[in-house]
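Asks: Below are the chains, spelled out letter by letter.
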Amino acid sequence: MNEFAVEMQDVVKQFITPEGGILAAVNHVTMQIRDGEFFSLLGPSGCGKTTSLRMIAGFELPTDGKILIHGKEMSQVPAFRRPINTVFQQYALFPHMTVEQNIGYGPEMQSVPRAERSRRVSEALEMVRLPGMEMRRPKQLSGGQQQRIALARALINKPEVLLLDEPLGALDLKLRKEMQLELKTLQREVGITFIYVTHDQEEALTMSDRIAVMHKGVVLQIGKPEEIYEKPASKYVADFIGETNFIDGVVKRQDGATVEVELEGTGVVRVESSRSFSNGQQVAVAVRPEKLRLNTQIEDGNTLRGRVEDVIYIGTDTHYGVRFAGGQKVRVREQNILQGHHEIVQVGAEASVSFTRVSPRILTE
Amino acid sequence: MLNFFRRNKAAQLYGLISPGALWTLLFFNLPLLIVLFISFVERGRAGGIKLPPVYTLENYRQLFNACASEFSGPECDPFLYIGIFGHSVRIALVVTFWCIALGYPLSYFISRQKPIWRDALMILVIIPFWTNFLVRTYALKQVLATEGLLNSFLINLNLINQPLDLLFNEFAVNVGLIYGYLPFAVLPMYASIEKFDHSLMEAAADLGAPPWRAFLRVMLPMTLPGVIAALVLVFVPVVGAFITPDIMGGGKIEMIGTLINRQFGVSRNWPFGASMSLVLMLLVLIGVIAYFRSSTEETRRAM
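Chains as they are written, first to last, in this note's numbering: chain A, 849 to 1213; chain B, 80 to 382.
Hints in this document: simulated from the structure, not taken from any laboratory.
Among the clues, some could well be false.
Interface residues of chain B toward chain A, partial, derived using beta-carbon atoms under 7 Å [unchecked claim]:
id, residue
1, 282
2, 289
3, 300
In this text, a Cβ means the ideal position worked out from N, Cα and C, and glycines have one as well.
With the sequences and hints as input, model every part of the structure.
Replies: Structure (structure tokens):
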């Protein structure tokens, strides 16, 4: 079998807007989703993630480009002939059918005999930990239960790929956390490729093997969660995933892997980077708040001086806003590890901000 | 007086329903009793009833044996009236079928448009109501006539040589009734289909259902309440229709409605007209109750 469960090759999807213009909801997207992988499409609403999912499912046909499922071209194949099942955002359970009829709908369409069907339905209900629910109707179930039924209804068909369109969006926070873990475990158990659409970066980071970050119909970056978080390829990704300080500066000098960036009015920082920059190039030094140390020198690192403008104590951490001499402001997240020893710095105090040479990323776009 | 209503909830309720209730009582229930009475007495010579009233079951017997009448000739068909009842039911079934068959896709199409177009198209469906029914039927007659719009159009296109016989037959009656009652089918079905969540069709397709199976198993059962409402709203008035069969059938197509109409007109046999009216009412009532009984389970599930 092909190494890739799903391949999107230069896929374009255009819609006619009500004003008569053309909108490319998905604009030349190429990605390869490996067999057995938990793959997330992450981005804000309108980024093209749901349209991509709908094209893989077959609910929308691409304007251009190809979609392959296990190596087979499926771009124009209707949804009901694709070896794919979907868990819908609002579950889309059939309200006029019982749970058993809902889950058994896929096998029914495959003309699976009745006895075999009800055996598989009870198996599927076991799998989602809702045994004995056969005769209920969707209306009699809670949101979380409906969610599980939708999952069982899709998985009973043993699809080659399972698509999930923000399936946890309608659940409350606690249930959502529970389901995140459960989904991840379930995916490992059944070994089916999951393609998961979400706008929740935390959800994507905790569950995925790999993430594609999308914005305005384009894939900005594909990578493992730690790659996306630690090595964002662009300002947008750095900003969308977690919190990032952007400090604008100009490249002064590059010596091998070490780049010197001048921050106007504040000083010069040295940052390790594998990319090469030209002298005088405008860049942003992007660094996460938790990678900054307040009033703690780091050997062979950078230290900038500033004044504390605000302090937010949130128990585990204390967040500081520090403004440098040149006017740039950063947020610093200090963990409150050593109670009593670690003094909370007061608003208005002079402070130094230190970070290593490898913590920041130098980003140009 | 005002204070009395303010304080008394029951008085408020009766106050609100009494105009409608009185109206119904006076102009519907009471006349119905009069009709019931007339159906059990002998006819008067020139219409009306014989006075003082002579009670009889003859009017009902005549319905099941047309030859019981004093005017029947030797080649009399005893089942003449039963036949007309059957014929009316058949026409009503055909018309109801076509109203639903044409109205369902139309309702579906309208429900899938953008909201502004949806409203505009629904107004187009309703507009015919603003024109007098009689005027519309006469207009349709002009379209189907021998020298009418449709025939001259087809002849001018050289598709036919001789004008087709489109008027004064059962076909014309069917066309006239379908034309007149299609909006009654579209309105309830549109209401049902518009509420239908089309992502359920995607879910069905996702689970491997080809479009027609998804329709039969998901969309049709869920929009069935609208279809049933359409069925009742079309069938009930059509089975007793008399203007359309009269005009479009040119007096050649007999339906219960035209028959009853005639008893109170030229035939001057009020008691017989009254008995037929009541039998028709009873038939429709039984039919509708039976249908609702058999379909409530289905309807309830679709809700």
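Asks: Hint by hint, say whether it matches the structure.
Replies: Structure-based check of each hint:
Here the hint on residue 282/B is kept, as its CB sits about 4 Å from the closest CB of chain A, short of 7 Å. Checking residue 289/B against chain A: minimum C-beta separation of about 5 Å stays under 7 Å; hint holds. Hint on residue 300/B holds. Least Cβ distance to chain A is approximately 5 Å, under the 7 Å limit.
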